[in-house]
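Engineer: Read top to bottom, the protein sequences are chains A and B. What the first sequence shows, in our numbering, is residues 254 to 935, in sequence order. What the second sequence shows, in our numbering, is residues 254 to 935, in sequence order.
Just so you know, not all the hints are guaranteed correct.
In this list, chains with the same sequence are indistinguishable; a pair is considered to hold if it fits within one copy or across any two.
What the hints assert, rightly or not - Using 27 angstroms as the maximum straight-line C-alpha spacing, the simulated BS3-like pairs for lysine-lysine come out as follows:
| id | residue 1 | residue 2 |
| --- | --- | --- |
| 1 | Lys873 | Lys401 |
| 2 | Lys876 | Lys442 |
| 3 | Lys695 | Lys442 |
Derived from the structure by calculation, the hints contain no laboratory data.
Protein chains: 2
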Amino acid sequence: MTEPQKDPLVLFMPSGRRARFAKGTPVLEAARQLGVYIESVCGGRGICGRCQIEVEEGHFAKHGISSSPAHLTGVTEAENRYSEKRVLAAGRRLSCQALVDGDLVVDVPQDVQINRQIVRKRAETRHIERDPATRLCYVEVEEPDMEKPLGDADRLLQALSGEWQLENPRIETRLLPDVQRLLREGEWKVTCAVHDDGDGPLVTAIWPGFHNIACGIAVDIGSTTIAAHLSSMLSGRTLASAGAPNPQIRFGEDLMSRVSYVMMNPEGRAAMTKAVREAVGQLIAQLVSGAGVSQEDVIEATFVANPIMHHLFLGIDPTELGGAPFALAVSGAVAFPARDIGLPVNEGARVYVLPCIAGHVGADAAAVTLSEGPHRAEDITLVVDVGTNAEIVLGNKHRLLAASSPTGPAFEGAEISGGQRAAPGAIERVRIDPETLEPRVKVIGGEEWSNEDGFDKVMEDVGVTGICGSGIIEVVGEMYLAGIIDEDGVIDGRLAETSDRIQASGRTFSYLLWRGGEAARSQEIKILQTDIRAIQLAKAALYAGVRLLMDKLELESVEAIKLAGAFGSYIDPKYAMLIGLIPDCRLDKVKGVGNAAGTGARMALLNRGHRREIEEVVRKIEKIETALEPRFQEHFVAAMAFPNKAHAFPHLAEAVKLPARKVLAEAEGGGRRRRGGRRGTR
Amino acid sequence: MTEPQKDPLVLFMPSGRRARFAKGTPVLEAARQLGVYIESVCGGRGICGRCQIEVEEGHFAKHGISSSPAHLTGVTEAENRYSEKRVLAAGRRLSCQALVDGDLVVDVPQDVQINRQIVRKRAETRHIERDPATRLCYVEVEEPDMEKPLGDADRLLQALSGEWQLENPRIETRLLPDVQRLLREGEWKVTCAVHDDGDGPLVTAIWPGFHNIACGIAVDIGSTTIAAHLSSMLSGRTLASAGAPNPQIRFGEDLMSRVSYVMMNPEGRAAMTKAVREAVGQLIAQLVSGAGVSQEDVIEATFVANPIMHHLFLGIDPTELGGAPFALAVSGAVAFPARDIGLPVNEGARVYVLPCIAGHVGADAAAVTLSEGPHRAEDITLVVDVGTNAEIVLGNKHRLLAASSPTGPAFEGAEISGGQRAAPGAIERVRIDPETLEPRVKVIGGEEWSNEDGFDKVMEDVGVTGICGSGIIEVVGEMYLAGIIDEDGVIDGRLAETSDRIQASGRTFSYLLWRGGEAARSQEIKILQTDIRAIQLAKAALYAGVRLLMDKLELESVEAIKLAGAFGSYIDPKYAMLIGLIPDCRLDKVKGVGNAAGTGARMALLNRGHRREIEEVVRKIEKIETALEPRFQEHFVAAMAFPNKAHAFPHLAEAVKLPARKVLAEAEGGGRRRRGGRRGTR
């Protein structure tokens, strides 16, 4: 008698899930049993090509597995047929065809390519594991039989239930008039879009025969810009991205003026809802046609927005958000058929709107949180999304707080004399020689600094047209380092004696950053005392909000900072910390994370698990209403100074060679908090 | 130490459910724990008055209970306030206020009256236990709080969840724009319509403050008539009933001509769908205004119809039902928001369409089955709904079969020379003197027979205008008993010699049933040989279908017969059996059950348990397609005779004194089936 052989061990990467399976088990089936998501549209018939895998070769000592592609059964007829017609890269197998025949380390690739001409406008920055709320299911349906007079739709559901292990699948009533035609057109073979977001499987669309494309749209509705991403629901790949101005701007530049418009105009709410939905629709149409897919192929859409945009998009009067207690009509996630708001997508497509955190902390902040995952981290992480309101999330996997601070639009270049939005020609980098007070700058669209060879070319190409948010941060920081402004932000007029860059402007002084000139696009750019004040107010508001959350967690510093949004992605963390925008942190732990709201929207689009995740995080997150906190004002006042007087910056002091008197002030400031406000010079 | 006292015993009638409850338990709570349905809208606040109960006084030896109203705690302030403003009959208590204080026999009355002026157009014939899919839930919602920035809708759901023990309640996205206004209008108190038909609780409507009325509509869409009933969802009472002609008649008199119309006209399906939905809408509007309620108060609707009406109502092309294999687009129950088809009811109202049994056995037959409950019976029960198609269900709780027989419209008076629909002036009863062959008749709208005093008055009032379905059955039966027609249905021309009632009509003879006369409404009514043939074809078709099902169950007779529909309610079972419309059965077990389809629709309206019940019955019921059964034709031919040659009628022979030669023929016929067709005279 021989010892009974153990079943082969199968390990899936990157998830690391593993178990033993009987020889002859399809790899796809093994993955399903382990909860490893491998896409399949055709239900294991070897025709959709979505279920590709690779087997790693070698001995994996750690796992005790000697894996080899030869431990799969041979390439099948179906795989040969598939690779003749479509793309099946070398080494790839269809996991519905390949059967376990020995130990395996299976890699589930994330870039399954089906059609040879795939649109790929921009590289993916983030791998999002897929478990979409709507998926495609191909089925073969029994023909009608007088002896078993189940309806055509009922037999379709029966087939779905049997072939796809769906429990009690239902079908949209809307589809019933089409079922018979589609089944006969497809000769009793159809592909269904089946939506299940925790509410049971529901057929939301049907295509005759085999259909192998399904897309989703993730949209971030900002006050000024709407950004949308078109993704393949099957591969997860982003097919196209686009942005468009929010047409509500014509009703009011900022959020509160739009709320006022609603309050003053009986039809205002409806007009703004219509405007934003139409703009979203046009953006979707543009993305879809650009990517060469059909509107009918778009079967899911996710939306994020700040609370007022969120309400207006959903057709809800935002008036209550205009004043205390800032009551949201709805804070939880909202889901509904896309046709209810007339989006140009498949009539069965489903919309999912991420939850709002609080009256000032919207679904966009929820998406940023989902994307940056402070709730998944051990490090105490500060996530800041800087806009007209800065949305702030602080904490880690054990405890998470959120708040919003009214920074105003200064960081976006508004309310700054020479300010402009981040566009070619805008100054984004500034250095000031502390001896001569002469500046050098770098503009968006140019590689060279203004004192380098080749800047003439930059002037010709884009010119110097203004200063954008990140430039403002730097110029203020450099002015402070150069001693042009003091701790209170006052421009030192005495320096006008030694430098013509310092000029009197009425009773205050200004700093001439760019002289302008004869070139068409060379604007004179001055930093006025009022500009410094605007930045002080904005950074103090943001910092005070952050500080309030740090107080709640009894923190003196944070372990990681993630700056979301366009502004956050371009500012130099050093300067942000120097002017007191963010608290002290190891500089290498401060990161601009780009369009995190968009990434969060895409995560919710491609994986319903991420929807449950953010819903739970939002339920648990502690919301701090800054307006209710007595210490907010105190923090705000203290944070007006450079570097702000509320806090010590040991990491900053390491990284930046502060001028002697500044370092001193900083050191004293750092100690002062504990000793009480001895030097209350303000 | 005394022996610990047992908790009081509470017995609920009529359900008989019982258990012990701690003193101080509200009776409403005790009922809930036992699953006894007592309506409550206000959630136990003593204001809705829906939860009335009575306590029986006396010793119930069988149950070991000495019950007394004094075993409840005293009448509360809330009850006094309620009975000042509304109706609280003597002896009634509000079960949310009255607490258990001793042994009780509690009666849950079915006629809770709330408003003093209640519309009550017709008496209830059937008590339907209530467990509606949509119910009203009054809640008090916390006001918004900046520190707990949950949205208004989310707090509403939280309150519903807490006060009404709803698990994960959701709200229709459609309502979100109204939530804030309604909550503020109701000063944070609202009444919600909460729908849960197995798919989780969903808020479908909201009224500010306390709202204590909710209605439902049950509709039977027949080929010729649409009948609708308006019920209170809270008391179960039918508030009003009405009927209207099906406007699709202008597209085709019978079902097949409507299918043809769809096949011939590209817009035909849409036009017929629009027509029937509009007619239903008008009927609802009429019922609602007649009962003095608001369209907004209608929150549920159920529909039954034959398969073709069912499909056209749902907007589905019925072409496939026009030919084999008679494929239904959908056979299962269909549910959707009423607004999807534009019904004039609350926008959140839900429609439930009962399942169809087969391509020829529709949701109307399912409703008849639900109403008559052969699946609940031990007796082998035959349920027949006679219309243009007769729908037949046979069996008992252990096994149930269904089929449809193409009887044609003869039983409805169509295709009969003097036939008319059941209306005043139509002959409904006939007796023929076997000696003189002189008839006497009774008409709808008259009490007296035509040979009685007072018939002059009947002639003046309604006249004699034709013969309706039940009259046709009787005249044919009487003609057979009088020997005017033989077993093969041939009118015996030789009798013309002795009676002028027998007249030659071409090559055949006719029987002059009514001479007509000078009176304005006194039509001559003859029974032609072709009329007898039409009845023979119709009754043979019905009987052959029944017989086929009896064969499957190996039955020679049935234990109960229920005749549904207007025709079934008025025919005399004796004559129905005599002419061979139905098989042999104890005559006292043959019952006309009236509008059973309407009753079934009302049951599904008022109790979602009945929906699950009929869905399960329809899944299990065995469908027999008569067209596929070789024996159908054989049974059909045999059933043409009087009484039909397919079967013995021992119960009939007991009840009816058949003429000597008939009895002989019958006895021989009864034996013949087993001996083979020896007397194949046809």
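Engineer: Give a verdict on every hint.
Structural biologist: Here is what the structure says about each hint:
{"no.": "1", "hint": "Lys873 / Lys401", "in the structure": "between (51 angstroms within a copy, 11 angstroms between copies)"}
{"no.": "2", "hint": "Lys876 / Lys442", "in the structure": "between (51 angstroms within a copy, 26 angstroms between copies)"}
{"no.": "3", "hint": "Lys695 / Lys442", "in the structure": "neither (61 angstroms within a copy, 61 angstroms between copies)"}
In terms of the numbered hints stated before, the structure departs from hint 3 and from no other.
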